[in-house]
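Enquirer: Below are the chains, spelled out letter by letter.
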Amino acid sequence: MLEIDVARRQGDFSLDVAFTAGSGVTALFGRSGSGKTSLINMVAGLSRPDRGRIVVDGKVLFDSQSGLDLPPEARRLGYVFQEHRLFPHLSVRDNLWFGTKRLPVAERRVSLDHVVSVLGIGHLLDRRPTGLSGGEKQRVAIGRALLASPRILLMDEPLASLDAARKSELLPFIAGLSRQFDIPIVYVSHSMEEVLRLADTLALIDAGRLVAIGPVEDLLSSPAYAPLTGHGEAGSVLAATLSADEAEFSISTLSFPGGTLKVGRIASPPGSPVRVRIHAHDVAIALFPPVGLSVRNQLPAIVRSVTPIDSYLTDVMLDCGGCPLWSRITTEAQSELSLKPGMAVTALIKSLTIARGDVADRSDILPG
Amino acid sequence: MLEIDVARRQGDFSLDVAFTAGSGVTALFGRSGSGKTSLINMVAGLSRPDRGRIVVDGKVLFDSQSGLDLPPEARRLGYVFQEHRLFPHLSVRDNLWFGTKRLPVAERRVSLDHVVSVLGIGHLLDRRPTGLSGGEKQRVAIGRALLASPRILLMDEPLASLDAARKSELLPFIAGLSRQFDIPIVYVSHSMEEVLRLADTLALIDAGRLVAIGPVEDLLSSPAYAPLTGHGEAGSVLAATLSADEAEFSISTLSFPGGTLKVGRIASPPGSPVRVRIHAHDVAIALFPPVGLSVRNQLPAIVRSVTPIDSYLTDVMLDCGGCPLWSRITTEAQSELSLKPGMAVTALIKSLTIARGDVADRSDILPG
Amino acid sequence: MSLWFTLTPLEREALSLSLLVSGWAVVGSLPFGILAAWVLARRDFPGKSLFDGLIHLPLVLPPVVVGYALLVLFGRKGIIGGWLYDWFGITLAFTWKGAAIASAVVAFPLMVRAIRMALEGVDRGLEQAARTLGCGPIRTFFSVTMPLAMPGVLAGVILAFARSLSEFGATITFVSNIPGETRTLPIALYALTQVPGTDDAALRLCIISVVVAFAALLASEILARRMRARMEG
Amino acid sequence: MSLWFTLTPLEREALSLSLLVSGWAVVGSLPFGILAAWVLARRDFPGKSLFDGLIHLPLVLPPVVVGYALLVLFGRKGIIGGWLYDWFGITLAFTWKGAAIASAVVAFPLMVRAIRMALEGVDRGLEQAARTLGCGPIRTFFSVTMPLAMPGVLAGVILAFARSLSEFGATITFVSNIPGETRTLPIALYALTQVPGTDDAALRLCIISVVVAFAALLASEILARRMRARMEG
Amino acid sequence: GDVRVFAAASLTNALNDIGALYTAKTGDKMVPSYAASSALAKQIEQGAPADVFVSADLKWMDHMVAQKLVDPESRFNLLGNQLVLIVPANSTQGKIDLTPKTDIAALAGEGRIATGNPDSVPVGLYFKQAMERAGQWGAIAPKVAGADSVRAALTLVERGEAPLGVVYATDAAVSPKVKVIGVFPDSMHDPIVYPFALVAGKDSASARAFLDFVRSPEAKGVFVRYGFKVN
Ligand SMILES: Nc1ncnc2c1ncn2[C@@H]1O[C@H](COP(=O)(O)OP(=O)(O)OP(=O)(O)O)[C@@H](O)[C@H]1O
Ligand SMILES: Nc1ncnc2c1ncn2[C@@H]1O[C@H](COP(=O)(O)OP(=O)(O)OP(=O)(O)O)[C@@H](O)[C@H]1O
Ligand SMILES: [Mg+2]
Ligand SMILES: [Mg+2]
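Protein chains in written order, with our numbering: chain L, 11 to 378; chain P, 11 to 378; chain R, -1 to 231; chain X, -1 to 231; chain U, 3 to 233.
Some hints here could point you the wrong way.
Claimed, not checked - Pair by pair, the computed Cβ-Cβ distance ranges are:
#	chain 1	residue 1	chain 2	residue 2	range
1	X	R122	L	R118	48 to 58 Å
2	L	D136	X	K46	50 to 60 Å
3	P	L80	R	E230	51 to 61 Å
4	X	F30	R	E230	24 to 34 Å
5	R	P135	L	D136	27 to 37 Å
6	P	K111	X	F30	44 to 54 Å
7	L	E256	P	P310	52 to 62 Å
8	R	I78	U	R210	49 to 59 Å
9	P	T140	L	D123	35 to 45 Å
10	R	E230	P	S260	28 to 38 Å
11	R	R223	U	A175	25 to 35 Å
12	X	T196	U	P193	41 to 51 Å
13	P	I319	L	D104	36 to 46 Å
14	X	K46	U	P193	51 to 61 Å
To be verified - DSS-like mimics (lysine-lysine), calculated; alpha carbons at most 30 Å apart, straight line:
#	chain 1	residue 1	chain 2	residue 2
15	R	K75	U	K27
16	P	K177	L	K177
17	R	K75	U	K231
To be verified - With the C-beta cut set under 8 Å, the calculated list includes, among others, these residues of chain X facing chain R:
#	residue
18	V37
19	P44
20	S47
21	G167
22	M225
23	M229
If you are wondering where the hints come from, they were derived from the structure by calculation, not from laboratory data.
Glycine included, every Cβ here is placed at the ideal spot set by N, Cα and C.
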């Protein structure tokens, strides 16, 4: 649980944001200069709100009314800074150890070896930060924050300078961390893929104000926020259950009220809850169920609404057994198909367009 | 023209790379710590190769044999550093002006106003860099390098900390710059989207060695480099020509030897050369031409090869009028369709899966 | 070592006394120097300029005046000196301890300024990082700020040591010129210059001072270089 | 101003002479100080330690010795002084110019050390950035390195000025005590301390020195603060 | 017991020799402290552990007597010195007969007259007194370079910075680089004396014994050897 209600002026810029986020990962998403870093600096105790209140898991960190302002070190947080801030006088190993060594052994919840191997920084341990590459520094900074076994983790674009391969290794690790130890994470990112993969709650910030906050599913399914979340990113997020596992083809079948979806194999027991993001532009619509098609997911659906966006794009909202499923087609296709609310159609979704990053195994947090 | 042939040891890391790249944008792509920054530092003259030769547009910048080593200021280059390096004692305006003001007016090819408006930093001009947000700093750094009207531009992950919206504004600007003024750009990036959008030549670097270099089309179309370019990124890149423009639906039709492709409207005259990247996972295969489908692009094709990757994925190489078109389907779909080389099929590509970023208008560089 | 034995007993006495006095002057004032530098670099309070001025006082006033001031304060009849004597039986005036205090006071502004500059150069972002990692302000100071400011602290120490080695005016005024107790190198040198025909002996003392200072300087440079190299390794 | 008129003529003379001498000492030695600091901070060459040692010499040796050395070098019969006199008709001995040189020499190590520390603190990455933007090394120095090192240069200047204000030993040895020419505040002060029963007059001179130094210090603090604020704006 | 002697710095060599003789004779040690008379006086005022005070001029001793810091009964003037006019050894200036009429300002020409600071250093004070009595001070004063000790003044002449200097005979005698061109008649100034006295409250047998020893022929011999006049 994270309760934030803060206001602060800095120069011409004023920030005034209030929200409550559940445990798990809260993503802060917003344009450059919208105030994301300023906000988490206040949570960390590095800058002082002009007024407000910050509560993490019932513990009040800051309250301008009672005058309470815990210093950063009493907040037990891990902060991965936008500019890494490694200690130049310490080796990589000592940087990593910095937060751990002061902790009683009983409170150390993350092991050095594990972090080092996930981050792939074993060969750097005896180096000093100065000679490291940009991405190497960033990885060490992530490790340092994790190893402090924090009660809340603040991450400011931690993966921005990492390559795709490293990113896809780190994302599940960070997600797992939050779940395993029940650490709330506030995660600043520009990448929808990361947000989808990690976040439970999405907070959209613009020009120092909170535009919307809510479950990732809701916000990303709503075209209203598309200008903020990124135009090409409109889509639906479905909550599904892992129903079967076709080992032969490494395919997992997910069931949701609208039918079943086949996606790349998820190594979780059947019955696990799963979140699937389906990009609207990946959903094709067929008037008749097609045959002889490589497309695995063919879902019967009813057209609920047809919204032309412009001369090029048209958004179609389908109803798959009660779940909204957005499809984005060209206006030209719509002129040919003449879709109307109430029509029965088939939604086509290639299994492979549901990238691994779009399927989040959430069995650790949601009760099975 | 950029000729690089350099070797250098730093600590345990040794770099030895030689390649020649045409004018236009050369992307350096490689994992964190593979030596990308080290390489462009040598081009910039900030670190000295142990041996080698660097030539830009016929001008020798460094040659260990003749002992030539031009100092950075004589190389006339623009460098956007990975860590921005703005001058803290100067206002944003003076930072931007820093490289320009020493140039004779005749050599100033980029105007301050233009750069400022594209980068959206007009409201920051009188600020000092210290208070800027991460993305704001990065934008100023880009502007500063551009305004020096360099003969070669080195960019080290310049867009890493920018949001998607800003990125899609900047990419065409940078691409245009290179074309308009014929400035070679060496562009370090982790993002395939950026590489595709910008790069003519792609250089893949791994552990200090050049793995491959070639036109972006070739390297990205080859699954051999998929482990380096990113697994989810396999696909084809087609060279096409803009043939018609359906203004009513804001759709452009591209023709290539395999047929026509409909994509979002490109504002270029008919006949312009265009590059289209088609992700393998966005290509579905139908045994019979389907009807009543929203999918716009239905291309007749011949199966050339079927390569099972693992129990989940199978890559199918299609031949569309002589152009290779990769399709990635699930192994399960393959077991149902039983595709074999020589079979005639229909390739289905949703117009909208060809994102704007995947279509690069290249009319400025390639002769129409 | 062989050098040592070519020295006259007077030279040996003055040299070891100088090392003792300068060493203690530096070591003893270092904690206060660090504290004062930290206060000046990081705190803002009314009267800060006054405090800064007070610290610079020994630099601004001729050493003889500083010596008189010390005599008045720390002499056996002085405000502090009398109290020290009555309660602890400590006598500073006319002992090497007093010479160390005189040196320390005169060198203090130099030490503080160097350390202060070093502290001001330490990236606050790194201190913030340490705070978020669970270090309180004091721990942060010792585990991040100080190590990063170390080259500057070293510079302060070496400046103070060099200044101590040459300290004469305040010392002779405060603790006089007492062989074996307060006759350090510069005081012995002064004594020599006050009587005719001692140019050679004076020159020897000069050379001894210079050699000691060079050695200290060299050691500090090597240390500083090693520290810098470690940060770049 | 009203303060000025409450001063005795002797005090006024000593004060304006001190300001003249210290001002010139600082201004004249600043370019050399910056140069020496830059060489020490950025160059590596054989004999660097020796060079560093030479610069520290005036700090290590008692001022009287420094004064004597100046006499030998810059006196009318001295190596440099003789040459200056023969070629330019410049006499340093017994003039305020000589006093300025004595002050400059004695304050030089302090100035160099402060500037050197400031230069060492300047981020090389920023210099590299300036180079890629077309600035040669010298331009880079003046447009990036120096502005960033400015607070440290200011510290060096103020240290040197304060030290000059108190300079006595080298000055009196080199240029003697000549009313209206070389009788600066510390020299006037010293003369007073040598005569019984002049404590009040001596105290007045002390206070004048302190006030001047405080004013300079305050001005430098305000300037430094403004510089820092500008970088954070 | 040991005797702590606070003495003017110009007596360093002579008193050291005498101290050695004293120790040889009595087994007691003489612990000296040589500094400017002014510094020593202030130190004694602040409780310095001195048994004997030897000043280079009368003023500081008078001051001490007035402050009741020395035992006036024990005070005596032992040593004397002479004021001499010196020039660099290579100077062409020949010996002159110094009288109050001698035009010293003219002798200096464009140059300066190096001596102790006429307001504070004894040698300068004596010189000033002599010139005042001769009515010449007005012409001389602008030419005086006031050093902070006799030795410093001597150096200025040795190095040829000043063409003329006024120092004590004892100092001039030791330097080969200067020559004495004239001796100021004693009548032109107060007698140059070095007063000795017991520090008040430090009246010990050994201190008195030392003061007696200083006046012994043995000690006087040492002083003479260093060029002092002994009363
Ligand atoms: N001074 C040095 N001593 C030892 N190793 C060094 C030094 N400088 C760089 N390296 C190593 O060289 C390798 C290449 O570094 P470089 O900065 O070029 O990587 P990069 O490809 O830019 O990575 P990134 O994408 O993370 O920025 C890294 O492994 C780095 O640790
Ligand atoms: N000291 C300051 N004075 C004036 N404005 C400031 C100051 N500090 C920050 N700002 C402004 O506050 C705004 C928010 O900054 P912040 O660093 O929180 O942005 P951000 O959302 O983290 O952006 P980015 O994604 O680029 O890192 C920016 O416009 C920045 O310029
Ligand atoms: Mg930020
Ligand atoms: Mg890099």
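Enquirer: Within 25 to 35 Å or not, the Cβ separation of R223(R) and A175(U)?
Expert: Violated, at about 53 Å.
Enquirer: Does the Cβ pair D136(L), K46(X) satisfy 50 to 60 Å?
Expert: About 30 Å separates the Cβ atoms of D136(L) and K46(X), which means 50 to 60 Å is violated.
Enquirer: So if I understand the rule, the pair passes when the alpha-carbon distance is 30 Å or less; does K75(R) with K27(U) pass?
Expert: violated (35 Å)
Enquirer: Quick check: does the Cβ-Cβ distance between I78(R) and R210(U) fall within 49 to 59 Å?
Expert: Since the Cβ atoms of I78(R) and R210(U) sit about 34 Å apart, the hinted range of 49 to 59 Å is violated.
Enquirer: Hint validation: P44(X) versus chain R, beta carbon distance must be below 8 Å. Holds or violated?
Expert: With a minimum Cβ separation of about 14 Å from chain R (threshold 8 Å), the hint on P44(X) is violated.
Enquirer: Do K46(X) and P193(U) keep their Cβ atoms within the hinted range of 51 to 61 Å?
Expert: holds (58 Å)
Enquirer: Taking the Cβ atom of P135(R) and the Cβ atom of D136(L), is their distance within the range 27 to 37 Å?
Expert: holds (30 Å)
Enquirer: So the hint says 28 to 38 Å: do the beta-carbon atoms of E230(R) and S260(P) match that?
Expert: Check failed, 56 Å falls outside 28 to 38 Å.
Enquirer: Does the alpha-carbon distance linking K177(P) and K177(L) stay inside the 30 Å limit?
Expert: The hint holds at about 19 Å.
Enquirer: Holds or violated: 24 to 34 Å for the Cβ distance of F30(X) and E230(R)?
Expert: This hint holds: roughly 30 Å between Cβ atoms.
Enquirer: Minimum Cβ distance from V37(X) to chain R below 8 Å?
Expert: Not OK, violated: V37(X) not within 8 Å of chain R, min 14 Å.
Enquirer: Given M225(X) was flagged as interface, is its beta-carbon under 8 Å from a beta-carbon of chain R?
Expert: Violated. Min distance 11 Å.
In this structure, the earlier hints numbered 1, 2, 3, 6, 7, 8, 10, 11, 12, 15, 17, 18, 19, 22, 23 are contradicted, and the remaining ones agree with it.
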